[in-house]
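> Let the sequences and hints guide you as you build the complete structure.
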Amino acid sequence: MTGVGGRDGIRGIGGDDAPPAGRHACNEAERVARSALTQILEPGDEKGGRWLREFGAHGLLSLLTAGAYEKGALPGATERRVTGLRARAAGVVPGERLDAIRALGGRFVIPGDTEWPTQLDDLGDARPVGLWVRGRPDLRAWALRSVAVVGARACTPYGAHVSGSLATGLAERGWVVVSGAAFGVDGAAHRGALAADGATVAVLACGVDVAYPPGHLELIKRIAQQGLVIGELPPGDHPTPSRFVLRNRVIAALTRGTVVIEAEHRSGSLVTARRAQQLGRFTMGVPGPVTSGLSTGVHELLRGDAVLVTDAAEVIELVGDMGDLAPERTGPVLPRDLLDPGSRQVLEALPAQRVAITGSEVARRAAVPGDDALGRLYELHSLGFVERCGEGWKLTTGAIRGSNARRGGA
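Be aware that the sequence shown starts at 0, since it is given in numbering that gives the first Met the number 0, and climbs by one per residue.
If you're looking for bench data, these hints aren't it; they were derived computationally from the structure. Among the hints, a few may not be true.
Computed beta-carbon distance windows for the label pairs [what the hints assert, rightly or not]: (1) S291 to D120: 34 to 40 Å; (2) G383 to R265: 55 to 61 Å; (3) Y377 to Q352: 20 to 26 Å; (4) G292 to L143: 34 to 40 Å; (5) A72 to T290: 17 to 23 Å; (6) K70 to S241: 23 to 29 Å; (7) D98 to D121: 27 to 33 Å; (8) F54 to R101: 26 to 32 Å; (9) G389 to V289: 49 to 55 Å; (10) D98 to P74: 32 to 38 Å; (11) E69 to L307: 54 to 60 Å; (12) L333 to L307: 36 to 42 Å; (13) G389 to R302: 31 to 37 Å.
All C-beta atoms, glycine included, are put in the ideal place defined by N, C-alpha and C.
And the structure:
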């Protein structure tokens with residue numbers, strides 16, 4: 000695979016792997032301040048994002064760590080909120096988590112870096128303070144050609160199969176598969192991309208050094224070696240239910256579109272899809288059985304503005320460049336389809352029950368001259384559609400099964 004994926008140029012994430020030169024363009028003091036703020040502010044905190052925009056990383060960190068706090072210094076913050084944030088800030092050592100991520104061979108990417116995916120800026124004040132990253136590839140380059148594949152944790156075998164095959168198809172066509180590394184559809188999507196020696200990104204709701212779920216320890220390790228593992232929370236932080244929901248906005252904003260495979264009405268995957276819609280991204284769904292509760296959320300999306308897709312080609316037709324069209328879908332070509340209209344007309348005149356009728360009766364039923372009907376019958380005989388029976392003509396067994404089976408109520 001060329002461009003965004005494959006093993007070529009991708010190394011492991013050991014401590015000896017330094018980021019490529021020129022990847023970081025921002026002031027390192029800004030990076031230190033933002034890294035500390037990821038330990039204080041929760042992901043997606045819009046008020047915190049507003050303060051960060053108004054005061055800057057250094058100014059906000061100073062307000063939260065200063066010995067004395069001037070009441071009203073943080074607009075819209077209650078006294079209780081300020082007390083809680085300052086309590087968190089009291090235990091923060093600026094730069095400490097940066098040392099931890101570097102020891103993992105990773106990095107902390109912030110707005111202004113050449114590696115920062117600028118589409119995350121569409122989140123406004125809810126955009127990440129920064130992203131902790133493990134893995135060698137360039138996050139911005141990969142995000143420019145990425146698709147999110149999400150769905151139920153307790154998925155059916157159908158959901159796992161569709162997720163894996165769709166991700167494999169995307170990876171084989173040079174697209175990056177983004178998901179949340181959860182059980183079920185997420186895990187199948189990552190494995191599908193990895194199986195194709197392709198590119199995949201896991202967006203975690205915890206520190207990038209924390210394997211969650213624990214059962215995906217080896218999967219997350221492999222993603223970090225072949226792709227990217229990213230998150231808003233610093234190394235060592237563990238997930239909470241609210242962090243999973245907030246993580247989904249990053250998946251939605253980072254990618255060109257989101258595909259949902261199996262989701263109930265109350266599902267984090269639907270949160271991702273709806274956020275993608277709000278951000279103007281493409282939203283797609285793979286239909287499932289109408290009798291399955293795991294398909295109800297997807298079908299709800301499809302009744303709205305989401306687009307029905309069934310494979311990677313249809314996804315790429317929507318999110319890709321002009322001319323990336325899915326192949327035209329056609330059913331099997333039957334022998335009858337190859338006949339000219341006149342021959343099909345004569346063939347249709349023969350009884351489906353394989354009862355022999357005379358050539359003149361065939362002509363009458365087909366509304367064609369007798370000589371024309373007879374010539375067509377001999378042509379159909381040579382092709383194996385009909386057979387001669389004394390003075391009459393009837394369909395062969397193969398003709399009923401392969402070309403005329405729709406007659407007689409079958």
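> Each of the hints needs a verdict: does it hold here or not?
Structure-based check of all given hints:
1. S291 to D120: 34 to 40 Å: This hint holds: roughly 38 Å between Cβ atoms.
2. G383 to R265: 55 to 61 Å: For G383 and R265 the Cβ distance comes to about 58 Å; the hint holds.
3. Y377 to Q352: 20 to 26 Å: holds (22 Å)
4. G292 to L143: 34 to 40 Å: Once the Cβ atoms are compared, 36 Å apart, the range 34 to 40 Å for L143 and G292 holds.
5. A72 to T290: 17 to 23 Å: Given a distance of about 57 Å, which is not inside 17 to 23 Å, the answer is violated.
6. K70 to S241: 23 to 29 Å: holds (28 Å)
7. D98 to D121: 27 to 33 Å: The hint (27 to 33 Å, Cβ to Cβ) holds, given that D98 and D121 are roughly 32 Å apart.
8. F54 to R101: 26 to 32 Å: Once the Cβ atoms are compared, 27 Å apart, the range 26 to 32 Å for R101 and F54 holds.
9. G389 to V289: 49 to 55 Å: holds (52 Å)
10. D98 to P74: 32 to 38 Å: holds (33 Å)
11. E69 to L307: 54 to 60 Å: holds (56 Å)
12. L333 to L307: 36 to 42 Å: violated (27 Å)
13. G389 to R302: 31 to 37 Å: Given about 59 Å between the Cβ atoms, the range is violated.
The structure is inconsistent with the numbered hints 5, 12 and 13, although it conforms to all the rest.
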